[in-house]
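Kindly generate the complete structure, drawing on both the sequences and the hints.
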Amino acid sequence: MEKDPAFLIRAINEVKESIWLGDYAKAIETADSNLDVAKRFEFIEFENTANEVRQILRQFRKEAKQKNMKNRRFWVAEQVSKSIEEKKLDSQKNLFGSLLIYLYDLREAIAYLSEIKSQTTMETYADKTQQEDDSLQRTDRCRYSIKRFPERWEVRSILDKDVLQWNTEILRKELPDFVFSIEEAPKERRSTTFEIYSREMYAQVVGQDNQVEMSIYTPGTPDARTRVRKVIETILNTLGQ
Amino acid sequence: MIEKFFSGDVSGDIGEALFAYFLINVINLMPSQIGHTKPVKRSGYLTTDFVVWDNLYRLTSVLQKSNYGLPLFAEVKAFTSQIDPSRIGHGLAQLKMAIANSTLIGLLFLVIRNQQQQRYDAYLIEVER
Numbered sequence: 310m311e312k313d314p315a316f317l318i319r320a321i322n323e324v325k326e327s328i329w330l331g332d333y334a335k336a337i338e339t340a341d342s343n344l345d346v347a348k349r350f351e352f353i354e355f356e357n358t359a360n361e362v363r364q365i366l367r368q369f370r371k372e373a374k375q376k377n378m379k380n381r382r383f384w385v386a387e388q389v390s391k392s393i394e395e396k397k398l399d400s401q402k403n404l405f406g407s408l409l410i411y412l413y414d415l416r417e418a419i420a421y422l423s424e425i426k427s428q429t430t431m432e433t434y435a436d437k438t439q440q441e442d443d444s445l446q447r448t449d450r451c452r453y454s455i456k457r458f459p460e461r462w463e464v465r466s467i468l469d470k471d472v473l474q475w476n477t478e479i480l481r482k483e484l485p486d487f488v489f490s491i492e493e494a495p496k497e498r499r500s501t502t503f504e505i506y507s508r509e510m511y512a513q514v515v516g517q518d519n520q521v522e523m524s525i526y527t528p529g530t531p532d533a534r535t536r537v538r539k540v541i542e543t544i545l546n547t548l549g550q
Numbered sequence: 129m130i131e132k133f134f135s136g137d138v139s140g141d142i143g144e145a146l147f148a149y150f151l152i153n154v155i156n157l158m159p160s161q162i163g164h165t166k167p168v169k170r171s172g173y174l175t176t177d178f179v180v181w182d183n184l185y186r187l188t189s190v191l192q193k194s195n196y197g198l199p200l201f202a203e204v205k206a207f208t209s210q211i212d213p214s215r216i217g218h219g220l221a222q223l224k225m226a227i228a229n230s231t232l233i234g235l236l237f238l239v240i241r242n243q244q245q246q247r248y249d250a251y252l253i254e255v256e257r
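Protein chains in written order, with this note's numbering: chain A, 310 to 550; chain B, 129 to 257.
No wet-lab data here; the hints were simulated from the structure. Among the clues, some could well be false.
Simulated DEER-style distance windows between Cβ atoms [what the hints assert, rightly or not]:
| # | chain 1 | residue 1 | chain 2 | residue 2 | range |
| --- | --- | --- | --- | --- | --- |
| 1 | A | Gly-331 | B | Phe-134 | 29 to 37 angstroms |
| 2 | B | Arg-247 | A | Asp-449 | 56 to 64 angstroms |
| 3 | A | Glu-483 | B | Gly-197 | 17 to 25 angstroms |
| 4 | B | Gly-197 | A | Phe-458 | 24 to 32 angstroms |
| 5 | A | Pro-459 | B | Asn-183 | 15 to 23 angstroms |
| 6 | A | Asp-518 | B | Ser-189 | 42 to 50 angstroms |
| 7 | A | Lys-325 | B | Ile-152 | 38 to 46 angstroms |
| 8 | A | Arg-481 | B | Tyr-251 | 36 to 44 angstroms |
| 9 | A | Gln-550 | B | Ala-221 | 30 to 38 angstroms |
| 10 | A | Asp-486 | B | Ala-221 | 23 to 31 angstroms |
| 11 | A | Glu-351 | B | Phe-134 | 57 to 65 angstroms |
| 12 | B | Pro-159 | A | Arg-382 | 44 to 52 angstroms |
| 13 | B | Pro-159 | A | Phe-316 | 45 to 53 angstroms |
| 14 | B | Asn-153 | A | Asp-518 | 39 to 47 angstroms |
Using 30 angstroms as the maximum straight-line C-alpha spacing, the simulated DSBU-like pairs for lysine-lysine come out as follows [stated by the list, open to error]:
| # | chain 1 | residue 1 | chain 2 | residue 2 |
| --- | --- | --- | --- | --- |
| 15 | A | Lys-335 | A | Lys-456 |
| 16 | A | Lys-456 | A | Lys-482 |
| 17 | A | Lys-325 | B | Lys-169 |
| 18 | B | Lys-166 | A | Lys-456 |
| 19 | B | Lys-166 | A | Lys-482 |
Predicted, not measured: the structure shown is a model, and the values here were computed from it. Think of the CB as a built atom: it goes at the ideal place given N, C-alpha and C, for glycine as much as any other residue.
What follows is the structure, encoded as structure tokens:
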């Protein structure tokens with residue numbers, strides 16, 4: 310049996326990223342393929358172990374609350390640890406089981422989200438041109454989703470590159486008509502924020518780890534869609550280089 | 129709206145709504161020329177509340193300039209109880225950061241509840257670097 314639960318952690322992260330993007334098809338695909346792999350192991354035993362540990366945790370939390378214990382969290386952790394030892398519960402199985410339960414829960418949540426999205430709502434009858442601009446794109450370097458609101462465009466993207474490796478100097482060259490306002494963040498910070506603006510566009514870009522979120526504002530002229538898409542592609546392609 | 133006490137968030141919403149009303153109904157800008165930005169914190173300050181594309185320079189009727197760079201960055205501060213000078217100072221600092229190193233101008237829109245006359249008074253302040 311493969312004892313390394315890293316594949317489950319990776320799967321959970323990938324599923325969460327896909328949900329954030331609104332790419333439910335990819336989230337379902339990732340969750341299902343990894344749950345299929347997990348089924349090859351003694352997954353029922355893992356789940357049972359994790360459920361037993363959860364029950365123990367709940368019981369001591371309740372007891373600590375009733376007794377109004379001081380240092381409640383520390384006391385609960387100590388009691389749970391002792392209990393696991395006494396009952397000879399396998400911590401590796403508990404870890405696997407907990408991750409499996411989490412992935413199952415995510416899978417259920419995606420099914421629920423997909424169902425809601427497929428239902429007919431007032432939005433279905435709203436401005437069609439606005440909805441036509443909502444899309445999900447995949448390139449070699451990134452995946453991104455665009456959602457158009459009446460006064461702005463919201464973009465979410467997962468890049469191959471971490472925010473710490475971004476080169477905004479290249480971006481300046483690619484967008485010569487824009488003024489850049491970049492926050493000087495401490496080196497250890499894993500996020501960055503910058504704004505760019507020109508006579509006809511203003512964009513806020515926030516990046517953390519490999520995630521990028523952009524809000525783009527531009528006057529609602531007939532060529533707005535073309536201009537916005539061009540800037541989005543330039544920013545994402547350049548930051549992902 | 130005139131007599132109630134509001135939390136800061138509600139006061140802010142009233143101020144921003146009045147600013148949008150002013151731009152659309154008084155200055156005759158199109159709603160698509162106004163962007164209500166998301167608050168993003170940068171260097172200790174939030175980004176300004178609005179970006180405005182006044183391409184036809186309609187605001188010259190109330191500003192002391194005949195033309196200006198675009199976009200216009202605007203910050204709204206609303207006071208439904210006492211006026212807090214530090215918030216005005218903070219608004220100016222937000223605009224100063226937005227227009228730094230540029231020839232742009234900023235707009236500070238102040239909305240103050242007038243208890244005696246049961247109304248809101250609005251002031252538009254032009255901010256230059």
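Arg-247/B versus Asp-449/A beta-carbon gap, inside 56 to 64 angstroms or not: Taking Cβ atoms as reference, Arg-247/B and Asp-449/A lie about 59 angstroms apart, which means the hint holds.
Given pair status - Lys-456/A, Lys-335/A, alpha carbons within 30 angstroms: holds, 18 angstroms
Hint check for Phe-134/B and Gly-331/A - Cβ pair distance inside 29 to 37 angstroms: holds, 35 angstroms
Satisfaction of hint between Lys-482/A and Lys-456/A, Cα-Cα up to 30 angstroms: Roughly 27 angstroms between the alpha carbons, so the hint for Lys-456/A and Lys-482/A holds.
Agreement of Lys-166/B and Lys-482/A with the hint, judged by alpha carbon distance not exceeding 30 angstroms: Holds - the C-alpha atoms of Lys-482/A and Lys-166/B are around 26 angstroms apart, at most 30 angstroms.
Range hint 45 to 53 angstroms (beta carbons of Pro-159/B and Phe-316/A) holds or violated: Distance hint for Pro-159/B, Phe-316/A holds at roughly 49 angstroms.
Supplied distance hint 30 to 38 angstroms, evaluated on CB atoms of Gln-550/A and Ala-221/B: The hint (30 to 38 angstroms, Cβ to Cβ) holds, given that Gln-550/A and Ala-221/B are roughly 35 angstroms apart.
Cβ distance range 38 to 46 angstroms for Lys-325/A and Ile-152/B, holds or violated: holds, 40 angstroms
57 to 65 angstroms as the expected CB spacing between Phe-134/B and Glu-351/A, which holds or is violated: Between Glu-351/A and Phe-134/B, where Cβ atoms are some 59 angstroms apart, the hint holds.
Status of the given 24 to 32 angstroms range, CB of Phe-458/A versus CB of Gly-197/B: Given about 26 angstroms between the Cβ atoms, the range holds.
Assessment of proposed distance window 17 to 25 angstroms (beta carbons of Glu-483/A, Gly-197/B): holds, 22 angstroms
Hinted pair Lys-166/B and Lys-456/A, Cα distance within 30 angstroms: Holds - the C-alpha atoms of Lys-456/A and Lys-166/B are around 15 angstroms apart, at most 30 angstroms.
Checked against the numbered hints above, the structure breaks none of them.
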